[in-house]
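Engineer: Letter by letter, the chains look like this.
Protein chains: 2
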Amino acid sequence: MPGATAASSKRTSRARDEAGPLSRDAVLDRALDVINQEGVERLTIRRLAEALGVSPMAIYRHVSNKADLVDGVFDLIMSRASVTDHDEDDWLDWLAETFLRMRTALLTQRGALPLTMGRASLGVQALSVMEDVLAVLAKHDIGPPDAARIFNHLMMYTLGSAAILGPIIQQDAELADPGERTRRIRANFELLSGKQFPQLTQHASELAQSLRDTAFSDEIRHIVMSASVERLKP
Amino acid sequence: MPGATAASSKRTSRARDEAGPLSRDAVLDRALDVINQEGVERLTIRRLAEALGVSPMAIYRHVSNKADLVDGVFDLIMSRASVTDHDEDDWLDWLAETFLRMRTALLTQRGALPLTMGRASLGVQALSVMEDVLAVLAKHDIGPPDAARIFNHLMMYTLGSAAILGPIIQQDAELADPGERTRRIRANFELLSGKQFPQLTQHASELAQSLRDTAFSDEIRHIVMSASVERLKP
DNA sequence: ACCTGAACACCGTTCAAGT
DNA sequence: ACCTGAACACCGTTCAAGT
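For the protein sequence lines, the chains are S and G, in the order given.
For the first sequence, the working numbering assigns the number 58 to the initial residue and increments by one for each residue that follows.
For the second sequence, the working numbering assigns the number 58 to the initial residue and increments by one for each residue that follows.
Since the hints were made in silico from the structure, they are not lab data.
Even glycine gets a Cβ: it sits at the ideal position worked out from N, Cα and C.
Ranges between beta-carbon positions, derived for each pair:
| hint | chain 1 | residue 1 | chain 2 | residue 2 | range |
| --- | --- | --- | --- | --- | --- |
| 1 | S | GLU107 | G | GLN94 | 31 to 39 Å |
| 2 | S | SER178 | G | HIS197 | 37 to 45 Å |
| 3 | S | ALA192 | G | ARG240 | 24 to 32 Å |
Build the full structure now, drawing on both the sequences and the hints.
Structural biologist: Right, dumping it as structure tokens:
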């Protein structure tokens, strides 16, 4: 068994007493634990140090500053989500699954979203996803003229979708059940003043529906298809 | 001249010596100044108090906590951007302009984006924009079944677009010139390893192009059209 | 009514020191 | 080499007090 990976360095107790010297992987691993258990806002150098049973300054041996820590954690999330690691036969299905996984990763890792925003340069993991998606498009004869447009569209739709849904989900404690989530969102729109917002109250049900996973996947397929159809009529 | 508005309470000096008692509008107004002049990360209760020439605790008279302050500032940004206050004849042009203004508002107000994310409930201003857009769609016979889908699509594309572009813009100091911005983004992709990321390096130019304002507006029109075309073939 | 001062429980980060 | 303690310059927020 050569080389323990980051994934295998999970610890159950809150201190680390036993183990050898700290590693970057161990630090990032624990940081992700803290985020999932206590939320992003609780991910601080000091809190992380405490969780590792170590002085705050020990962290700085493996991470140059907080921004570097955040970057590392985000890439770890992306790699754990294995966004492109699946093999549907139909390429539309593959694309739908890929972006659904990306959205889910951004939504379920509590507060992964705030980590994404404000990052100027993409991490290696994010770049790899981009690369894989463009390769699939190219394999279906969608080249430079259209591929970039389609890719950007898919990416932005996914990010925007997560950006809108993320805060809503976090608000209501654990809204894992999609049906209950949809119901709550609809209720929020229905509670608005019908005089001030007639359209919003009227569209409440459909607005809530369009945030569901199935609607998301359908829209991803729709984006790819309508763009490739466009391409065939010069 | 009855009633000074928030907009008219601009101050040129950093202290407020003269003026009467603090108002919520004055606080939010100053907060927006701080954001624009020093960036979001510098918007703190203490910094704001200093800018107003007042003790930190005086702020709490007009704002219940920092989250409330942030919410107020975001709504102020939305209202200043007057996203829906224009009148193109063609409804596609109107929609394109509306969402372009929204994107621009999110991008130019330095760090408006971080304010958006993490907000569970939309402010009155944001809700009004939604209402207006849905009304325009309804006026062109796009009702509940499709309107919500189209609206969500437009909204998410806009938000995602701003989310991706925002950090890039902020990174390179002042990248107001869109040509220069596009060139830099292309360069970033071209600098990647051609062996590790063949697609990304190959698509560099197109990927950068698709982030421009014109490409954005075109895509907004495209989204509306392809969705309404869909609607006509049962 | 409106504002202030002092204090509490936190941050990220630097620096000099320990083993 | 790897870690610690003490300190600096900050945060948001509460509480009791001033005018």
